[in-house]
Amino acid sequence: MRYEAPLTTPEAVELLASAKGRVHVLAGGTDLIVRMKGGFIEPDVVVDIKRIKDMHVIRKSAAGISIGAATSCGAMGKHSVLKKAWPGVVEAANLIGSDQVQGRCTMAGNLCNASPAADSVPALIAAGAQVLIVGPRGERRLPVEKLATGPGKTSLKKGELVTAIELPPRKVRSADAYLRFTPRTEMDIAVVSAAVNLTIDRKNVITDARVALGAVAIKAIRVPAAEKALIGNTLNEETLAAVAKACSAACKPIDDKRGTVEYRTRVAGVLAKRAAQAAWTRAGGKA
Amino acid sequence: MTADTKFTGQTFKSVGTRPLRPDGIDKVTGRARYGADIDLPGQLVGSILRSPHPHAAIRAINTSKAEALQGVKAVITAADLPDLTNGNKELFDILDNCMARTHVYYDGHAVAAVAAVDAVTARKALKLIKVDYEILPHVTDVDEAVAPGAPVLHKKCFTQGVEPKPKKPSNIARRSEFGHGDVDAGFAKADVIIERTFRTEQTHQGYIEPHACVASISPDGSGELWVCTQGHFVFRQHCAELLGMDVSKLRVTPTEIGGGFGGKTHVWAEPVALALSRKANRPVKLVMSRDEVFRASGPTSATSIDIRIGVTKKGRITAGDATLRYTSGPYVGMWAELGAMTSFACYDMKHVRTVGLEVLVNRPKTTAYRAPSAPMAAFAVESVIDELAGRIGMDPVDLRIRNAAKKGTRSSYGPVYGPIGIGPTLKAAKEHPHMSAPLGENQGRGMACGFWFNFGGQTCTDLNIAPDGTVSLTVGTIDVGGARASLALVAAEELGIPYDQVRTVVGDTSTLGYNDMTDGSRGTFSSSMATIMSARNAISILKERAAKMWDIPVEKVIWEDGCAKAVGKKHGNLAPLSLAEIAEAAPNTGGPIAGHNELVADGAGVSFATHICDVEVDPETGRTQVVRYTVIQDAGKAVHPTYVEGQYQGGAAQGIGWALNEEYVYGDDGRLQNAGFLDYRIPVCSDLPMIDTQILEIPNPNHPYGIRGVGETSIVPPLAAIGNAVSNAFGVRMTHVPMSAPRILAALDEAQAAASEDVETA
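The listed protein sequences derive, respectively, from chains A and B.
Residues in the first sequence are numbered consecutively from 1, following the working numbering.
Residues in the second sequence are numbered consecutively from 1001, following the working numbering.
Just chain B, with the same shape it has in the complex (with noise of 0.2 angstroms):
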């Protein structure tokens, strides 16, 4: 990172204002090209045989009956896609799971595929395949998966993460561990202990959109991609690489994108697709079914978590501890250790520890969800944490607030904080409107915190100017929440000219440098950067171009308000020259004129957030409505305000779905009950009140206009929030996310019969 990308504190024109997004129109009328909307001439169907087991060995495949059917083109397994990956791991885990190669490791496994002329064809194709399985025991269950017994994944797997080695194989796959001080002397001096164990359910991002991609490999081994991806720089890395091309002979065209909350930064079916291309050497559109998507792509993890926070009587944490037991599918991730980290980041703490389980299991393989694995470890915390304020009768906010972290504390995970939003949102709940509003009969208030790294990483971008002196900006993270909008206004802003005069696009693979995809909210971070130092570098040419057409030394030429101004006794009575007046001389004073930047975006800032919820339960069914919901957050700098509105309450309301209804449900035969949106239910419009929400701006040192990434944060504190929402108003601890009506009502009745021996006891 160079000095120039420090925050500087200038006043902003453009920045924080809410013009209408580039994209919008497109999206409402229906013309915005998704994932399946590309179509190529003598494209081909692809479809994908899964596997109907949790576990099994695969002893043959037979495909030649469906090789055999006319209109059939291609007919792939393992086979055709070779192991390349080296002894790389996780490529060879992304292989493994974009088609079965010995095992089976859940329903919904990808075991062959087929590319035919019509979808008909194609599933008449699949049924021909005939898949030999040795049926194994399986395990869907986290606690059961860690328990003496349970049916072992793979053979070969020893935790990592322990020292010595461990003797037997289990599901274990790796343990990490957070913290700082002694938790025994810091329990030691707690006057309230509290000690209990959460668990939530496996949950998916839930976007409208499948997964859907148009591959095409030519006979030169060149190939395109057309997919809708969060990523298509690591889109074309991951293929290139599992079907043994060079990377730049791949290039991924990544199109408009039907949500993706971290299930779209990881390949499903793109490699299978190209397979099939290469095989029937003509393009293959493969688009997932819903069903597919719910059982083989991307949910987050089911987790167990046990968790012991002390304090003193005086509203002092003197220590925290938890086990994070987090599933990741049938291979090794590190969600369990995400959740380690993210557990006590809101609080100052002298004496904290962590330890992260990854633990396998016979589901669809783990990917991100929107901060993924914090909201489960807040729940644990923050619910423990009402109730220790319950129990030393303080004040929940002022509990938080005595115990926040701040600049300078040193972070459960590590790092020292610079300059934080926790206390100031914290302070902005104490004094919302809403947390003293009165609450109507069988209604309960909670509050909950929630924390997220936010990440930079490698970005550029390129910004153009037209011979009309408009803008066009290049940037090779993808929009998933208005970054194209947002972007704009930072390049208009350092160009000093009007929003309406820039254009940002999405750049496809051949277009710029490597870019990491848009996840841990980095996109508008990130690609404002590379923008500002785009436009600055334009600027220069600029500045240089206009010292030229007026003849003048360069240092005698300031950018001001969109014009080169020439500046000093000598030159300072010649007219500006305008940005469009400059470009439209660019033939003759040295061509083109562009800026570029290439960096990696060092220094996003940490994010916090405070929500506030009421809920209102039917006692008599235990269905629960959320009557009122406010999130807090700071978002360093808002650039266009209302998309991190936008954030903050579709973070929201994903949180509200986890924590009232969705899940994933097994059967006891390991197959998943309800992949479809009826029965695994994200919540509609009238399940949710209206989200209100409130901007903090704590500038990000490390930006120059002090942005903060904002897209994820706000999924971390619903379930706790809920859960201490439901526990207010009926005085239950609510243990088990989702909270669903039937889990409500057995809560209901435990605390009802609790209550009637306290008073049979009396």
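Isolated chain A (complex conformation) (with noise of 0.2 angstroms):
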């Protein structure tokens, strides 16, 4: 196996784009290493992005915030800006692994390991978050629900790979949340998991609300239904039974050792409840 630490992002897309056989990109290698000991995956060639400064760095500009590909999610939860603005985006990230995988784990890396269960995805999705991806032929953006397209596959082309998270500007009274399922309170896996994204008036009307569900279906995905019963009203029992319901009619689990199939559909819709209950909070609404 060969090993690259390339320290500029135009060394790292020649080195993908020259690689032969199978081909890896490391930021914190807590999904890759673990795979590579468990003998899953047997990697020609891996490059490690971390030496690449830019992939570190946290900005805000008016165009939003951009979180570099190599960022941990440790330093994400760190970082007050990033929190204001994002609550559920940073929590759903630091509920990856343990504090010692938080010190590594990246959100970059949870997104293009594209499991349907991953934590940071359903929050990012609810984000209306995009995804810098550098190549060959260059720049280009996506949002973050196109990039997985299906179990621990991505729409990533030969030579690509993400470069930052771009999270939109803030509205004010605004805010996110995240919540999962798992039978233990940490270092476990969703097995089932609800982000809620919304803003309100003056008056306590939704306005504007993005939702999405994960470890559901095949990938992380959004519910326009619930958004549909979010915006234009304020959250009461009703509102959130109608959530709850089109939470767990937009889903399309499997039976598998985490979860049923009946499980997930019915706690999907508490989840999401709860986490539209826990963003209107946040945002400042009253009842």
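Rather than coming from a laboratory, the hints here were simulated on the basis of the structure.
These numbers were taken from a predicted model, which means no experiment stands behind them.
Using N, Cα and C, we set each Cβ at its ideal position, and we do this for glycine too.
Errors might be hidden in some of the hints.
In silico DSS-like links for lysine-lysine, alpha-carbon gap of 27 angstroms or less [said to hold, decoys possible]:
#1 A:20 - B:1124
#2 B:1543 - B:1006
#3 B:1407 - B:1313
#4 A:83 - A:257
#5 A:158 - A:146
#6 B:1127 - A:37
#7 B:1543 - B:1570
#8 A:37 - B:1027
#9 A:37 - B:1543
#10 A:60 - A:78
#11 B:1065 - B:1006
#12 B:1127 - A:20
#13 B:1065 - A:37
#14 A:84 - A:171
#15 A:20 - A:157
#16 B:1314 - B:1427
#17 A:286 - A:146
#18 A:146 - A:157
#19 B:1406 - B:1350
#20 B:1407 - B:1350
#21 A:37 - B:1313
Okay, the calculated beta carbon distance ranges per label pair [claimed, not checked]:
#22 A:22 - B:1442: 44 to 52 angstroms
#23 B:1028 - A:186: 56 to 64 angstroms
#24 B:1667 - A:39: 17 to 25 angstroms
Combine both chains into one complex, guided by the hints.
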């Protein structure tokens, strides 16, 4: 196996584009190295992006907040501007693994690993995030929900890598929240998860909302019906019940060792309802 | 057992204090050597090829390509571990489990192994071994295995313990029965009878350190093995027998142990490592991966238990009847038998019967897990007792107190009890502030009792006085929970010297006579008994030496406060001689001073515990969190109370994991789905509350200091205590462990449906 640790993005792209055989990008390595050690994959080339300085930067601008692809989730949790603007995204990223894993793991890795149960992905979808992709033909941007195409599969082309995740500018009276169900309190993987991002007006009416679910389909999904149930309404029992119902209806989960179809479908609704409540309270919503 | 091991009621200076453990610094700084930390010159890496099928006949194994790979030094199959067991069925099962012969019986069963210059080469070599399997039908579920038409694992398996011998083979390998009285007559006297079936899923001990060893066999036929084990003498015995070696020519050195809980009482990969070393003529290190640990070592039984208990309106249990089906993997075990013995051990019963059925399934060979088999039986019995209390309107603690076994009770498994702790732990529970603390919303409280036999066994120790008067204590029982500290306290107590002047080490198999392994909570109980006797033997020599130094009769010398003192009118004014002074003079008074002892530590006092637990259940997701937990247990005498508390807490923590989340999940293909800590969920710190402990000390009459084993009983009550707490929170009787969120949610639904039906009929 060949290990490369380029210092610039163009070098990384060149390595990825020219490498032969099985090529993997290494960011935190909390998925990749575990899979290598378990004998599930045997890469020919590993390109480590951690030495590329830009990849560690969290930058705020008029266009929103950009998070470098090698930024650890632990570092996100210490970034007060990011936490204030996107508490749901940060709490999702901070739920991954343990304290030790937090020091290494990245959201870009979480996205590119393309697990249907990835914690940060529903929160990023709800946030309306985009990924910045650099490849041999230059840059392109893609909504996060279009990156994963199925379990372990992404739409990245040969030579391409994600260099940053971009969160849109924040409107006032907006907030997000992410909740997951795991049997354990930590060091676990979502059986089902829900993220809600919403904006409310002065009269506590929801003017904008995005809802996403994890671990209930082959990839994280947006739930337009739940968004519709929120927008134009205030957050009362009726709204919450409609959100839960829409979310459960959108589920297409599988039975596996982590959960059943029935359980995932039902609890998706429960979590979406609770996430909506949490986002609403954070946005300053009052009953 | 000799009369001088009787309890005398002495007062203590060292025993009962809480000094730091001698192995602590090395463990927290990483200096401690565990199984995988041993390295020898020229060492190879061993790796095992495992069956992906739950049940298959092995038609052929072709190893030629693997042997031809550069860097491969040995490839072995069952042919390299020939059957030398000479009709010993138990030993044959161990052999067959270490390396499959004609059939593989579970996903993970070893079929071949390689030794190579590095791990990459070893992995490559495994892929080059071709095994031709004839796949056979399999069964992994306990109830399915005993159902008519189930695939039978062994065509020659006719249930033992049944007269006349059954005509057809089945997966029920053995039947055992315990009890006394006439259960039908007992049930006839009952006002309320409850009958239920319970199920518990298979769990793993979950030790953090995987099995690891380094084996080295010399061309002269002698060998050495460094291994993490709970019993190096037992490992030596089994490995020597399986490899056809003289027992004394195999020296086994135990390393530090990163958890065992019963799982390291059994050889898994060690005979394979030795066979590889013998063939390669090089040392071989073999370390199991976590996946291998789960698939191919030591889980406990999955069970299915039918329970029937009758009680009068006034709260007297009239009869108890239980049929217990325990999986033992593909080989017969004694797991259902232990469940049958422990089921009703807490209670004084006139009419009781328990039947244990050992069930063969296509799962890894069951081995001991902390108080093996007792937690599942207690789950069933203690759940029904709680329910009965509710039905007759009696407090569940009072119902148990009313029926608790006591001194003189004939136990359900046969023996008559001496002084025991079940009554006192129940009384302490009743008076504990936890019992009356207020509960929050969606919370419930439960309690349950537990029993474990405890074991004594063969033990020996050496106590050597160094030239400076400090003491080296060598024991043959593995330290799994602070025993070195406890045994140093015992030696210090007996010799009358400070704790820090005693260093305890665990000797290798060439240093001491045979010791049984650390199981049955016997480590501190039995080795402390031998340590006391060793110290007393050393003291008698020390007194002789002092007499010699003073030139007075030895009868005029006593041992007190770490010194020889002359007594009597004639010699009483002599200044005492310290241990250091006598040791210093030893070269001129007869040479080195030591005390030895070899004994069978009979009279291990039975152990009882009562646990109290509060849970909070999320009614929308079924998620359950234990919010408060109290362990009350009899220790006989707590030698080092901190480590006794550690045992209480550790057992409770494992029980909580078992009760709520841990289980082996098999697919329809008979393969284990969750062979790793991500999906086999042992609790992490944040899953647990601080576990409160209360140590009771009801002296064991058969030990000089009154010590009882404390290691295992604490895992017995948690399944039932948590089951009762969930039941009390929502009025739902939980009958299936683990009580995972989906199972709890389903139970809540059923209860709601039943409640609304009741309303409709009303």
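Among all the numbered hints in the text so far, which are the ones the structure does not match?
Failing hints, ascending: 4, 9, 11, 17, 21, 23.
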